[in-house]
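Using the sequences and the hints given, assemble the complete structure.
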Amino acid sequence: MNDRRPVPILAALCTLLSVPLSLHGQLPSDSGLAPGGELGSVGFATLTELSSGDQGVAQDTGAPEWSNVTELSFLLSGGNAGASSLGLRNSLRRVAPDGEFRVDLTALRTDAIRSQRTAEGAGPDDFIVREDRERERTVERYGVQFRYDRRLSDRFFAFGGSGWDRNLLGGFEHRTVTSIGAGNRWGPGGEEWRIRVGYGVTYTVQRDVTPDPERDDSFAGARLTLDYEHQISESTTTETNWIIDGNAQRTRDFRGDFSTSLTTSLASRLGFQTTVQILWDNDPPLERLSLVAPSGESLQEDVLVPLRRLDHSVSLGLVFTL
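Numbers in the numbering used here are just positions in the sequence shown, counted from 1, shifted up by 8.
Source of the hints: derived by calculation from the structure; they are not laboratory data. The C-beta atom is built at its ideal place from N, Cα and C for all residues, glycine as well. Treat each hint with caution, since some may be false.
Claimed, not checked - Label-pair restraints from in silico Cβ distances: (1) V209 to N88: 50 to 60 angstroms; (2) A190 to Q308: 46 to 56 angstroms; (3) V137 to L94: 26 to 36 angstroms; (4) E200 to L318: 29 to 39 angstroms; (5) E181 to I286: 47 to 57 angstroms; (6) Y211 to R125: 45 to 55 angstroms; (7) R296 to F164: 39 to 49 angstroms.
Here it is, written out as structure tokens:
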């Protein structure tokens, strides 16, 4: 088909308590944000097609097709409380009859300004207000993913890829996962829908912010992937991606990354997209906490406790096609 449609954008963002044009980041309940603050936000995404044709499924004949999706978002809040968030996502694809190559970039940073006000003076009629503001980084995530799928037949494919992630607040300085495997694919061969299920092996190198004495920094494992794309109607598309990684040396250590998006075309070059992402780490990294007595007195001792297993995000945004 020759008409262009908005392409689903994969979100890798943490949940926001406020909802601008594009939701990004996660601010804790004690971040200092309060009603009455001035809020400004800008969020937009651009899709640049380097060649015409389908972006998701290659035709049996013809030259390779390139496509690129870029999403940029910015959130700014000021007044009685303040916060700022900057997000960038980019997805580059090369679709050819013999395979598909994809590069995904992700960057997200959110800062919250915590404000504490005190009244200092001799009495209710004689005082001054002092205010202390402190900027705190609440979300910081960066990542890049490479993957190549080689078509072996109408129903089988092989894949290989590598990814790098950095999430200090998530407990690790960096994580590199290299994978290789094969899988099955189903679909009519056009752009209506397709399903791909992959099975592979992985090698992971991870450096935690707080090292776990019982876990190795590098280990082999297994991977299961599911990719589903569906052209629901002339104006609506959906995409679902599910990745499960397991540690072969530590069976309770497995992770899941599930994301699903729905894109609706509002005009020939404008669309609206909703994305939900769920991240599960069954054996999350550790954090070091100071131990205090019930009375509040410090015991001058630290303890290691795991971070939360579940992270989730919801993003709403506009998609522009150029």
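CB of E181 to CB of I286, is that within 47 to 57 angstroms? violated (23 angstroms)
Is 29 to 39 angstroms a correct range for the gap between the Cβ atoms of E200 and L318? With Cβ atoms ~34 angstroms apart, the hint holds.
Beta-carbon spacing of A190 to Q308 - inside the hinted bounds 46 to 56 angstroms or not: For A190 and Q308 the Cβ distance comes to about 55 angstroms; the hint holds.
Does the beta carbon distance between V137 and L94 stay inside 26 to 36 angstroms, or does it fall outside? holds (31 angstroms)
For the range 39 to 49 angstroms, tell me whether the beta carbons of R296 and F164 fit it or not. holds (48 angstroms)
R125 and Y211 - C-beta distance against the hinted 45 to 55 angstroms: At 52 angstroms between Cβs, range holds.
Just tell me: holds or violated, for the beta carbon distance of V209 and N88 against 50 to 60 angstroms? holds (53 angstroms)
This entry does not satisfy hint 5, going by the numbered hints stated previously; all others are met.
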